[in-house]
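Q: Taken in sequence, the protein lines are chains A and B. Just so you know, we're using this note's numbering here: the first sequence kicks off at 1 and counts up by one. Just so you know, we're using this note's numbering here: the second sequence kicks off at 1 and counts up by one.
Hints are computed from structural coordinates only; laboratory data are not their basis.
Each computed DMTMM-like pair below joins lysine to aspartate or glutamate, with the alpha-carbon atoms no more than 25 Å apart:
#  : chain 1 : residue 1 : chain 2 : residue 2
1  : A       : K646      : B       : D29
2  : A       : K231      : B       : D219
3  : A       : K677      : B       : E37
4  : B       : K649      : A       : D29
5  : A       : K646      : B       : D712
6  : B       : K644      : A       : E224
7  : B       : K231      : A       : E224
8  : A       : K644      : B       : E224
9  : A       : K211      : B       : E228
10 : A       : K211      : B       : D219
2 protein chains.
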Amino acid sequence: MRIRFLTLLLSFCVFSGAFAQSENFTIRDVEIGIRRELAASNLINLQWRGKTPNFTYQENSNVYQLSVNKKDSAKLIDISELNRILNADNAPSLQSMPYITWGSDNEFYFYNAGNFYVIDIAGKKLVATIKLPENASNMALFFAKKQIAYTVENNLFVTGFDNKTIQITSDANKDIVNGESVSRNEFGINEGIFWSPQGNYIAFYRKDNSKVGNYPLVDIRAREAALENIKYPMAGMASEHISLGVFDLNTQKTVFIEKNDTISEKYLTNISWGPDERNIYIQVLNRAQNHMIMNKYAIQDRSLVKTLFEEKNEKYVEPQSKLIFLKKNPGWFLYQSRRDGFNHAYVYDTEGKLIKQLTSGPWEILNVLAVDNNDNVYYTSTEESPIEENGYKINVATLKKTRLTGDAGVHNVIISGDFKHYLDAFSNTQVPRTIKLMFENGKLNRELLNSPNKLATFNMPEITIGNIKSADGSTDLYYRLIKPADFDPSKKYPAIIYVYGGPHTQLIQNRWLGGARLWDYMMAQKGYVMLTVDNRGSSNRGLAFENVIHRQCGVSEMQDQMEGVKLLKSLGYVDMQRVGVHGWSYGGFMTTSLMTTYPGVFKVGVAGGPVIDWKYYEVMYGERYMDTPQENPEGYASTSLVSKAKNLKGKLLIIHGAIDPTVVWQNSLSFINECIKNQVPVDYFVYPRTEHNVQGLDRMHLMTKITSYFDDYL
Amino acid sequence: MRIRFLTLLLSFCVFSGAFAQSENFTIRDVEIGIRRELAASNLINLQWRGKTPNFTYQENSNVYQLSVNKKDSAKLIDISELNRILNADNAPSLQSMPYITWGSDNEFYFYNAGNFYVIDIAGKKLVATIKLPENASNMALFFAKKQIAYTVENNLFVTGFDNKTIQITSDANKDIVNGESVSRNEFGINEGIFWSPQGNYIAFYRKDNSKVGNYPLVDIRAREAALENIKYPMAGMASEHISLGVFDLNTQKTVFIEKNDTISEKYLTNISWGPDERNIYIQVLNRAQNHMIMNKYAIQDRSLVKTLFEEKNEKYVEPQSKLIFLKKNPGWFLYQSRRDGFNHAYVYDTEGKLIKQLTSGPWEILNVLAVDNNDNVYYTSTEESPIEENGYKINVATLKKTRLTGDAGVHNVIISGDFKHYLDAFSNTQVPRTIKLMFENGKLNRELLNSPNKLATFNMPEITIGNIKSADGSTDLYYRLIKPADFDPSKKYPAIIYVYGGPHTQLIQNRWLGGARLWDYMMAQKGYVMLTVDNRGSSNRGLAFENVIHRQCGVSEMQDQMEGVKLLKSLGYVDMQRVGVHGWSYGGFMTTSLMTTYPGVFKVGVAGGPVIDWKYYEVMYGERYMDTPQENPEGYASTSLVSKAKNLKGKLLIIHGAIDPTVVWQNSLSFINECIKNQVPVDYFVYPRTEHNVQGLDRMHLMTKITSYFDDYL
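Using the sequences and the accompanying hints, generate a full structural model.
A: Right under this line is the structure:
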């Protein structure tokens with residue numbers, strides 16, 4: 001099936017940029033400008049107003065409303081009027097318009113400075129104010145009842161419309177953490193508080209960190225540098241223990257549904273409430289991550305009602321999505337799985353019976369957007385192309401599928417509350433951004449926005465997206481090539497490969513700039529050939545493509561990147577003595593792996609926040625891909641860059657954030673230490689107050705440094 | 001007086017190196033070779049055999065003996081024979097000959113693998129073996145009784161010839177440390193155990209660290225990086241509290257002579273026993289370090305007998321030397337002080353009466369070597385020249401002074417046990433090393449060694465030592481200039497200033513290589529002009545020269561270094577667009593200070609282990625020179641390089657050891673953080689397992705990095 005899919009991709013497509021102009025990008029353009037004056041035009045915070053045929057967006061201090069019927073936009077409210085409403089109820093003024101969210105047709109809400117506000121736009125009045133403690137985090141709103149659950153330090157609280165607060169947990173031991181996301185946000189987990197559909201219960205994670213090792217971080221800003229330990233469970237070591245509590249707002253009692261005992265260290269993933277609040281569903285995954293059981297529990301007596309079904313895989317299973325219950329058939333739910341090789345939706349009943357596979361084919365569902373009252377499921381997928389995202393709806397009963405979006409590219413679709421319209425925002429390499437209002441039947445109502453090309457005055461290099469074969473010949477890989485500006489085929493150019501290479505990431509898409517950072521274009525303006533290859537192991541290409549990395553992170557990925565090097569050679573205009581490589585995080589691991597595994601190929605590398613030895617990485621991600629060091633000693637040994645440091649040739653700059661809680665500092669420092677032991681020259685830089693990703697103005701400093709390093713040595 | 005002294009130095013002296021040859025140094029030559037095959041020949045572990053007219057040295061596995069009478073050396077013992085002696089007493093064999101020390105005419109001793117051995121060379125037998133615990137440290141031997149005091153963790157023990165052990169202290173609290181050096185080895189303190197002259201008492205420091213802040217160091221070699229706190233009292237913060245215990249070996253009881261209470265935080269320096277064991281003398285210094293009181297205590301009732309005298313100075317007083325009791329007049333002792341502007345010896349009686357000033361003049365005593373039975377005091381000083389060290393003896397009664405050493409240069413003098421001979425080892429810029437045996441009257445007995453120039457086959461650059469005026473015109477400064485090898489006056493050369501600049505250090509001496517590291521010569525072979533200037537603030541030039549830095553570290557020092565820049569300009573052959581600067585520790589502070597205070601002057605700098613803000617430095621050294629941050633806020637502010645980071649121009653590489661317990665890592669990381677905030681490019685490197693000084697093979701890696709940085713950017 002995969003082979004049929006790939007034949008679709010053999011065509012080679014060239015998108016050429018705007019006509020060459022004289023202006024080149026600066027580092028400020030690349031890091032700041034692209035998010036401001038150089039960004040494609042947009043309708044900010046675009047959303048439907050409840051179930052009405054109206055939708056709103058924000059610009060400066062105004063909220064504008066548009067309608068499916070009227071062409072002109074009208075100002076709905078501005079900061080002055082909002083402040084009048086707030087002041088009328090003795091609430092303090094705001095400096096600027098906050099981002100609002102519609103909770104119902106006439107009510108929107110926002111958080112500001114620890115307060116939650118609900119405004120009735122019809123009555124132009126403040127409907128509710130809830131004051132939260134200053135150090136409240138993880139706010140979870142149940143709008144219909146205007147109640148907010150949240151955490152303060154390690155405990156869970158809920159505060160209502162009446163500003164009465166209930167403390168749900170009271171753990172004095174800081175190693176017990178309630179209401180926060182668990183398992184380091186793997187398995188689709190991004191939150192720790194789960195309101196039941198009618199708001200009678202709050203389910204929440206309870207994490208016991210007491211067995212997890214401390215990783216020491218140091219705050220150099222203190223008068224005398226201060227220790228700040230974080231809990232960091234390393235692969236193969238003791239991990240956190242998760243349980244799920246359910247708080248009953250009527251009885252004000254908490255029961256624990258699933259306790260995670262010391263031995264099994266299970267993952268409780270994708271917590272889903274049944275619509276009638278009588279059941280809760282947990283995708284329970286073993287620590288080895290190769291066996292998921294879909295459990296249904298009764299709230300009343302916290303009993304396991306049934307294991308609905310199971311999934312196993314020799315490598316790993318990776319539950320990523322909550323259940324979505326249908327409307328017309330509320331006893332049915334959608335479940336997503338890659339069990340046939342690609343991420344598709346399946347319809348099950350609440351007894352665990354498979355009703356049907358909803359979608360299939362050599363492509364993947366990316367996002368389920370909505371389900372309407374006729375059980376039409378709205379979603380986006382890669383069906384047109386692995387590097388595009390299109391919207392569809394499919395009817396559960398008839399399996400009739402309708403494509404919602406037309407132009408080739410990446411679409412972001414927002415379905416209206418009444419399902420009669422949708423908003424379609426898209427871009428491709430030619431189109432910075434277009435936003436269209438569409439009828440439910442897929443016909444255009446009208447175009448709302450068509451951004452000009454804000455980069456048109458710059459000397460834009462030519463970008464090509466194409467295919468090469470993977471190193472094992474099994475599949476095609478996408479690459480993105482940016483030629484030097486003012487390209488002269490008679491010249492020889494240096495080249496830089498920008499790499500990530502790890503799972504859950506795809507660098508090349510048919511979107512504005514081809515998914516590349518503007519930095520790549522700046523470097524091409526300076527005369528570098530910029531290449532990126534999405535190797536096997538990257539996302540949106542199906543299970544087999546991605547899980548080839550299992551127990552051997554980096555191995556297949558590097559082989560595919562070396563096909564990229566062959567591509568550079570085949571171009572004829574690349575000086576193969578001047579090839580560089582650069583990446584961050586997994587891409588830092590790849591950069592360092594490539595330079596030590598293929599010494600002599602790369603003249604210069606810049607590796608940021610690199611994993612150096614997977615045994616220094618955390619349990620959840622690390623063990624999924626590498627198993628434990630005990631189970632896979634040869635895999636850990638052969639992928640460790642500590643032992644490969646002695647092979648390094650060429651100039652390598654390693655960069656790391658000193659307080660990186662994701663790839664801990666120990667990684668890069670271990671590599672440096674080994675280089676020193678082996679008299680291997682290597683360069684280093686540290687961002688003392690930076691976590692895993694360098695952001696904001698610090699990032700300008702970073703990109704200046706990386707640019708200089710290539711300019712100086714490549 | 002200072003002015004007269006300086007007129008002596010106005011002459012300008014040039015020492016030219018060996019004839020130019022073809023070979024250039026490698027980094028290995030510079031770091032390893034110079035301590036092995038390129039080192040000047042030597043007589044290793046040269047020492048007198050007790051009071052006999054014989055002396056010994058070691059070579060390979062042999063100990064050789066020479067005599068004042070016989071010209072030929074004879075093998076005294078080799079490793080085979082030593083092992084026969086050891087084995088005969090069931091002691092294990094040694095792999096190689098240990099360094100031996102003569103405890104008496106016929107007995108030498110050595111430590112090996114936790115054991116202390118005494119060998120009778122006449123009887124060829126093992127006289128004593130004392131087994132020490134594996135983790136014993138700070139061993140202090142009382143040879144006559146063959147007893148060893150030592151510490152295990154934070155407690156003090158003594159073990160005798162009979163292998164019976166007495167535990168002297170039993171502090172369970174690890175913040176209480178007994179028997180170790182205190183005050184971070186400032187004030188001439190290098191030990192924590194003080195045997196009384198007849199071995200009836202052991203005085204020892206007791207340090208209470210409980211109020212001292214923890215500085216967090218991280219060991220990245222652990223499975224999960226591990227915290228290793230050190231106690232690091234920062235300037236102006238709570239410091240350690242010191243008291244002095246005296247253990248009576250007869251009664252086996254400890255009394256505390258001087259308790260250091262919480263408020264005063266006194267320094268107890270230069271612990272000296274009276275010859276009759278009835279008194280102990282402590283030079284007690286206040287925390288502000290501007291008032292020393294010379295206290296005499298009675299052992300019997302631990303009472304303060306008398307404050308013998310006091311010293312005060314507006315800037316600081318700096319007790320550095322123990323009392324030395326005379327032989328003919330055992331009620332008199334030598335005391336060293338810079339009270340007249342230079343370090344000289346004074347004779348006091350034990351009631352505190354000043355008998356006489358023993359030496360005076362615009363020069364400094366460097367080391368008091370011995371006192372004979374006629375109260376002749378043997379010492380070395382800078383009397384001939386501030387950049388030379390010569391031996392003298394002076395009679396206390398007559399003040400008759402005799403110079404013991406002849407050739408211009410730096411002499412190391414070893415007086416014989418019977419005072420009838422001395423050994424004189426010396427070098428200067430022309431002479432790698434010569435060792436002579438001398439009669440007490442200063443006449444030559446014979447030359448023992450005259451090292452060949454092991455560098456003769458290399459392409460040696462020309463070295464010049466000369467004078468320039470200090471920036472304030474008050475004094476002359478010494479400089480050392482190394483011209484590029486194969487110098488061509490019609491060319492323009494880049495230059496590197498190597499700087500230390502801080503107190504207690506002098507970089508330029510009339511010794512082999514002029515005191516320069518061989519690296520300087522290697523760089524000169526590569527075509528760099530290498531300059532070093534001993535600015536005001538450096539040592540061996542007297543009090544006023546050195547204490548100009550008080551409350552303003554770096555200010556005068558930099559002004560003088562800029563005179564070095566003027567010198568470079570005056571040479572005519574330096575490309576002033578290509579001037580670099582490099583230093584470590586105080587020199588790293590100076591390098592970073594120079595680049596941020598005089599932006600644009602230096603194109604490239606390399607700063608190692610730099611102090612960046614004196615408030616991050618420790619109490620003892622920091623407050624001596626800078627007072628506390630509370631007392632001198634403007635001085636701390638104006639010398640802080642955090643606020644100057646934004647001024648940096650040119651390429652600066654900062655290097656630091658991650659576990660530096662002297663200049664803690666917070667220093668350089670704070671500077672980097674400030675550069676990032678200000679978008680200032682800067683380079684960095686870290687040695688993850690290195691303390692303050694990079695040593696051994698790691699140092700080859702370091703010097704390769706520093707060399708490359710100058711080669712790449714200067």
